[in-house]
Amino acid sequence: MSNSPTGRHPSRLLIVAAFAAIYISWGSTYLAIDVAVKTIPPLLMLATRYTIAGLLLFSYCLLKGEKIPSIKTFFTIGIGGVLMIFLGNGAVTLAEQYLPSGLTAIIVATVPLWMVMLDKRHWQFYFNNKIIIAGFLIGFAGVLMLFAGKGTADFASDKMKLVGFFILLIGSMGWAAGSLYSKYKRVTGSTTMKAAVQMLCAGLFS
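All residue numbers for the sequence shown refer to the working numbering, where the first residue is 1 and numbers rise by one.
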């Protein structure tokens, strides 16, 4: 029996498209940022990118007939956007001035670890589950192995690379904190509208 909410298995084409979106669309973001920050001030690039994307998505939601969120709802959604996009992606944008995109992606891979560490209300469940603990340790070891193979000896001689590293750690924690905030501070509205508001707030905040 299918575990899908609709009672049907997703088609292989949809599964391939979903993975393509992650590996190609999302993954290539790091390379695109690496190219952009060579000629555009990092925060200006971030602000332009997310303000335009937020406006386009917000307009799309309005054309579909969705209501504009109340000021309180807008603010609540916006906090998650500032934490995830401004702090999280902003850290990536700043750090890629000093770090290669491949190394940046590896450091950002620590986000799931921070999700567990910052989700205090579920610590008892997480740290009493052997499978979760094993996955946590394996994931952390994997990140360390990948990180060790990226010429980390340069950090001792290049202070700006070290600065970029700590900026990314703060940004990764920000993304995890924003994700948890959005998870527990539930508000009404479609996922599309929430994404639009998050991008708008992050873009304007930048």
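If you are wondering where the hints come from, they were derived from the structure by calculation, not from laboratory data.
Be a bit skeptical, because a hint or two may be false.
[As the list claims (entries may be wrong)] Derived DSBU-like pairs: lysine-lysine, alpha-carbon spacing no greater than 30 Å straight-line:
id : residue 1 : residue 2
1  : 185       : 67
2  : 185       : 38
3  : 130       : 120
4  : 120       : 38
5  : 120       : 183
6  : 183       : 64
7  : 72        : 38
8  : 183       : 130
9  : 161       : 72
10 : 72        : 183
11 : 185       : 120
12 : 161       : 64
13 : 72        : 130
14 : 67        : 183
[What the hints assert, rightly or not] Beta-carbon label-pair distances, calculated as ranges:
id : residue 1 : residue 2 : range
15 : 75        : 12        : 18 to 28 Å
16 : 137       : 11        : 43 to 53 Å
17 : 71        : 11        : 37 to 47 Å
18 : 160       : 65        : 20 to 30 Å
19 : 75        : 15        : 28 to 38 Å
20 : 135       : 169       : 12 to 22 Å
21 : 129       : 183       : 10 to 20 Å
22 : 38        : 183       : 30 to 40 Å
23 : 185       : 38        : 36 to 46 Å
24 : 170       : 146       : 15 to 25 Å
25 : 133       : 11        : 33 to 43 Å
26 : 68        : 100       : 23 to 33 Å
We treat Cβ as the ideally placed atom computed from N, Cα and C, and that holds for glycine.
Restraint check for residue 185 with residue 120, where alpha carbons must lie at most 30 Å apart
Between residue 185 and residue 120 the Cα gap is close to 15 Å, so the pair holds against 30 Å.
Using the C-beta atoms of residue 38 and residue 183, is the stated range 30 to 40 Å upheld?
Holds, since residue 38 and residue 183 (Cβ atoms, about 36 Å apart) stay within the stated range.
Are the Cα atoms of residue 72 and residue 38 separated by 30 Å or less?
With a Cα-Cα distance of about 38 Å, the restraint between residue 72 and residue 38 is violated, given a limit of 30 Å.
Please check whether residue 160 and residue 65 have a Cβ separation lying inside 20 to 30 Å.
violated (49 Å)
Whether the CB-CB distance between residue 135 and residue 169 falls inside 12 to 22 Å:
holds (21 Å)
Holds or violated: residue 130 with residue 120, Cα cutoff 30 Å?
holds (18 Å)
Please test the hint of 18 to 28 Å on the beta carbon pair from residue 75 and residue 12.
violated (42 Å)
Please verify whether residue 183 and residue 64 have alpha carbons no more than 30 Å apart.
holds (25 Å)
Note whether the CB distance of residue 133 and residue 11 lies within 33 to 43 Å or breaks it.
holds (35 Å)
Between residue 170 and residue 146, does the beta-carbon spacing fit 15 to 25 Å?
Holds, since residue 170 and residue 146 (Cβ atoms, about 20 Å apart) stay within the stated range.
Holds or violated: residue 161 and residue 64, Cα atoms, limit 30 Å.
Measuring from Cα to Cα gives roughly 46 Å; hence the hint is violated.
Quick one, are residue 185 and residue 67 close enough, alpha carbons at most 30 Å?
Answer holds: residue 185 to residue 67 is near 19 Å, not above 30 Å.
Of the numbered hints listed earlier, those contradicted by the structure are 2, 4, 7, 9, 12, 13, 15, 16, 18, 26.
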